[in-house]
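S.K.: Given the structure of chain A, go ahead and fit chain B onto it with the hints provided.
Read top to bottom, the protein sequences are chains A and B.
Following the numbering used here, the numbering of the first sequence begins with 1 at its first residue and continues without gaps.
Following the numbering used here, the numbering of the second sequence begins with 285 at its first residue and continues without gaps.
Think of the hints as simulated: they come from the structure by calculation, not from any bench.
Cβ coordinates follow ideal geometry from the N, Cα and C atoms, glycine included.
Any given hint could be a false lead.
Said to hold, decoys possible - Using C-beta positions, here's what the derived DEER-type ranges look like:
id, chain 1, residue 1, chain 2, residue 2, range
1, A, Pro59, B, Gly342, 34 to 42 Å
2, A, Ser244, B, Arg338, 38 to 46 Å
3, B, Val578, A, Leu117, 22 to 30 Å
4, B, Leu355, A, Gly19, 53 to 61 Å
5, B, Val397, A, Ala119, 32 to 40 Å
6, A, Ala119, B, Leu355, 23 to 31 Å
7, B, Gly342, A, Val24, 56 to 64 Å
8, A, Leu117, B, Ala313, 17 to 25 Å
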Amino acid sequence: MSTLTVTPLPALQPRSRFGVIAWVCSVFLVVIVVGALLAPMLAPYAPDEIDFDNIWSSPNAAHWLGTDQLGRDLLSRALFGARDSLLGPVLLLLLATVAGLAIGTLAAWKGGWVDTLLARITDVMFAFPGILFVVLVIAVLGQGAATTIVALALAYTPVIAKYTRSLVLAEMVRPYVDAYRLQGVSPTSIAVRFVVPNIAPSMVGYLVVLFGDALMSLATLSYLGFGSQPPSSEWGLMVQEGQSAVIQGYFWPVFVPGALIALVVVAVNVVGVKISDRMNARMR
Amino acid sequence: MTSLIIRRVGGMLLTLFIASMVIFFALQAAPGDPVTNIIGDPEKVTPERIAAVRAEFGLDRPVLVQYFVWLGGVFSGDWGTSFHYAQPVSTLVWSRLPVTLGLVLFASIIFIVVGVLLGLAAALRRGRRTDAAVTATTTLLSSLPSFVIGLILVYVLGVNLRWFPVAGLGEGFFSQVWHLTLPAISLALGALAVIARVTRQSSIEQLDADHVEAARGYGLARPAVIRRHVLRNAWGPIITMAAIVVASLLAGTVVIESVFGLSGIGTLLVNGINTQDFPVVQAVLMFMVVAYMVTTTVVDLLQNLLDPRLRVRRTA
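The shape of chain A in the complex, shown without the other chains:
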């Protein structure tokens, strides 16, 4: 028995160090979310306040993060932009999760043509490399924040459905499902009331990691001019507008939103992996 008390220690050490990083990341994310929520109170300027006397200024006392090509305050723009940049991924994952959970559970539970159809649809979608499927949907629906969110939700739905399907399939062979079935609980009821809540912990970590991915995709689409349109200060759009400044030798207009996108994605990934680990450990 002594091995049981000795062995966890070396395994715990890297874990607790990783915990510190995960902590820092969580705090950073909370700060960003609070900043986005309280943007009107925290921002020193209006996000669209033009000041031609102060274009492309470096960080100083008046403008903590500098200004862009129209003299707009980058800190204020970043704070307001956080709303579009964070709300977009939340909305699209919400849409995709609801649809994906329903389709994935149905495919695993019923099998048959629903399962085949899901497999065919994912086959065709995965035939488009990278973000090209989303680009096609945008070509059809037109540009704009709303259409990019819908397009990305469409792209993420089969991904989530496939993951749900694998989780539900693993869950269905567990004894409690048969137990409820014997008690006469209807299959729909078992699926909704017992199976979905049981796969939720595994879902959460996966969704957090997907959030980082979705944020990056959304920013990329905005950068290409497909997503949020001016005067929004969505971070990807801010990078696009700052691009001309970089060639002129001013890097703050790109660095501020670019660093924010990168830091949030990294932080979300770290926290997501940590949550998945925790949930899996608890399940065991």
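M.R.: Quick look at chain B alone, frame taken from chain A:
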């Protein structure tokens, strides 16, 4: 094996056929009439002019006929006429393809060489600081959006240090390589993590294998063991993954070409969407999907072809 090839290729053709329908009919459903875009000047929009333009681009025929005409054209190399440039789409694509393929090729060389070296280094120093550093760095790089990496490189190496040009494509081979260096690096960095991970995993499997132990026992020098016994057997999964990543880099050029103002098929696609130039959008999307699907299917088949041999070797 033959039946497997037939099954895989058949499946690929079916998927491509459905993808072609998705691409074509989705764009048909797009709101707005391309004809008014083609004519441009609102004053010239008369019923006669609309009818003439429709006939010119074959838009007066039933949609299903248009689809099969287009699909037939995909095979014969006639990809329609661009609404925006008033040129054959094939001319546009072929003239811009070298830039895109050059970019993908350059980026592939970078990520494969650097990724394999990093993965190998991590495998040889498994569990030590190098291993952790490689994993952390490559994972971090894959979390950064490629357009942000690109613009940071432009600022540091292009604008400040003036080592590289910031946009466009030069004249002559060496100038073009020099112009494509920053775009290729930006494209390659995100792909490092995958290839380093696969190399590490695959090399570790071989390092633990008996035949490597035996080679060491014979007193072979470490570099020779790595080259002749570890790498030679580890290549399979590395090549498979590299090919899949190379194929998906094609989509990544859409973003990178925009960052560096390169006129490849990526920017052709973006401009096509912005100007509702659907023949161009259809052609570029179809081209990329076909290239991606053919590459992944071929790699998949090759892997199956090589796998039994590898399995025999591992158990022997």
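S.K.: State for each hint whether it applies.
M.R.: Hint check:
1. A:Pro59 <-> B:Gly342: 34 to 42 Å: 57 Å, violated
2. A:Ser244 <-> B:Arg338: 38 to 46 Å: 40 Å, holds
3. B:Val578 <-> A:Leu117: 22 to 30 Å: 25 Å, holds
4. B:Leu355 <-> A:Gly19: 53 to 61 Å: 56 Å, holds
5. B:Val397 <-> A:Ala119: 32 to 40 Å: 37 Å, holds
6. A:Ala119 <-> B:Leu355: 23 to 31 Å: 24 Å, holds
7. B:Gly342 <-> A:Val24: 56 to 64 Å: This hint holds: roughly 60 Å between Cβ atoms.
8. A:Leu117 <-> B:Ala313: 17 to 25 Å: Hint holds: Cβ distance 20 Å, inside 17 to 25 Å.
In summary, the structure is inconsistent with hint 1 from the numbered list given earlier, while agreeing with all the others.
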